[in-house]
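Respectively, the protein sequence lines represent chains A and B. Heads up: the first sequence is residues 1 to 378, going by our numbering. Heads up: the second sequence is residues 379 to 462, going by our numbering.
What the hints contain is simulated information worked out from the structure, not anything from laboratory work. Every residue gets a Cβ at the ideal spot worked out from N, C-alpha and C, and that includes glycine. Everything hinted at is true.
Going by beta-carbon spacing under 10 Å, a handful of chain B positions derived as facing chain A:
1. 420
2. 423
3. 427
4. 438
To give a feel for the contact side, a few chain A residues facing chain B, derived at Cβ under 10 Å:
5. 196
6. 199
7. 204
8. 211
9. 250
10. 281
11. 305
12. 306
13. 307
As a list, the in silico SDA-like pairs of lysine to any residue whose alpha-carbon atoms are at most 25 Å apart:
14. 457(B) / 197(A)
15. 457(B) / 205(A)
16. 327(A) / 444(B)
17. 457(B) / 196(A)
18. 275(A) / 417(B)
19. 275(A) / 397(B)
20. 327(A) / 443(B)
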Amino acid sequence: MAEFRMPSLGADMVAGTLVEWLRRPGDRVRRGDIVAVVETQKGAIEIEIFQDGVIERFLVDVGATVPVGTPLALIAGAVAPAAPAPPPVRPEAVVQAPAPPRMPLPGPGAGRPLASPAARRMAEQFGVDLRALRGSGPGSAIVSADVEGAAKAPRRFDPAEMRRAIGAAMARSKREIPHYYLSTTIDITATQQWMEARNAERPPPQRLLLAAPLLKAVAIALRGSRELNGYYTERGFEPSPAIHLGVAIAIRGGGLMAPAIHDVNNLGIDELMAKLRDLGMRARSGGLRSSELSDSTITVTSLGERGSEAVFGIIYPPQVALVGLGKPTERPAVLDGKVVPRRTIVATLSADHRVSDGHRGAIFLSEMDRLLQAPEQL
Amino acid sequence: MNREEMLGVIIEMLGGIAPEADASTLDPKADIRESLDIDSLDFLNFVIALHERLRIDIPEVDYPRLFTLDGAVDYLLQKAPPRK
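Go ahead and model the full structure; you've got the sequences and the hints to work with.
Listed below in structure tokens is the structure:
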């Protein structure tokens, strides 16, 4: 018998609210199945199970808000979870971390009402503010019927709640992680030209964005820099054999999240682009899965075309590094003794000095540079 | 398709990209990337939506012509296959 627990979806999560069971007692489940929906300050997240077995019974009612790690259900016939996706954060560690200034728990419930995903979708479609509704479902959860006929009001993420969660995670990072920072300018003219030529022959759904070759280069360069990819826990640094890139995505109206694209080093460039598009859509509309929010082994933040020249990020614990990509810009460069305009990008690395030194970081950034000079091999 | 219908299609597609914004109140000469806060991923999804809805090719080099509502209407009307 094994327990299915409230997962930690990142260093900033303390508790979650069970919104819906998607399976019933008696159902056979397999590792990776989505069995429940949990409301967090990041929105409604689909929770996957990490063991095979049969659901014996539920231990938590729909509507209950429980701390990370609380058993939610008993799973019969399950062998103790064989390596549940690397437990990035020991929940206790989060709860016990010396609380800086007392603030309201960044848990759900404060500003986000309970609602079924269907009700949420409908509310979004019709622009209904769920907070203005009284739920008639289990645990006073809002169901589709409640949304129907409700008055029109602008739907809003709760930016204040997300801001608190980001603040808590970043304050912990700055308290615990001795960051060092490196910056280098990379000539991406070759990558840009390769991509433009490729895109010119393809219809829009098959086109690449610069983010795809950049992410791929990060993932491949990480193969030789294991001190940058993994988790720092109370046992010290644990490098990760898998390379799961957390991709920072800004939420319109404020806030951000960094869901993971898994095993980026093994993905073809088109596959990677498809995953990036899919992730962008789901980050904004809801429907992210628990593993995507909890198992990034490093984060990449990219400011895009309207951003600044460079970004020096704050590491998302328990990760040990963050790669920042600035706005692609035409800059004068010296080539064969002549000054010529080249398309460039400033790539930065923020890394954890408990695990690596600037020397290692510099090797990583130059490897990225080297890879981007031969984009067709990515 | 006339200007008004084309504008309607564009606004509907933008609604799918930035559901929390009201694209119908946009300044037709403003850069939609600024006014709707859409990034390159959103913009690609916008182009894909137009491509699939209107069944026209939109080469990457023409993207800048879609940056304003006015520009997008002009461009897409010129590209759209004539009505039978």
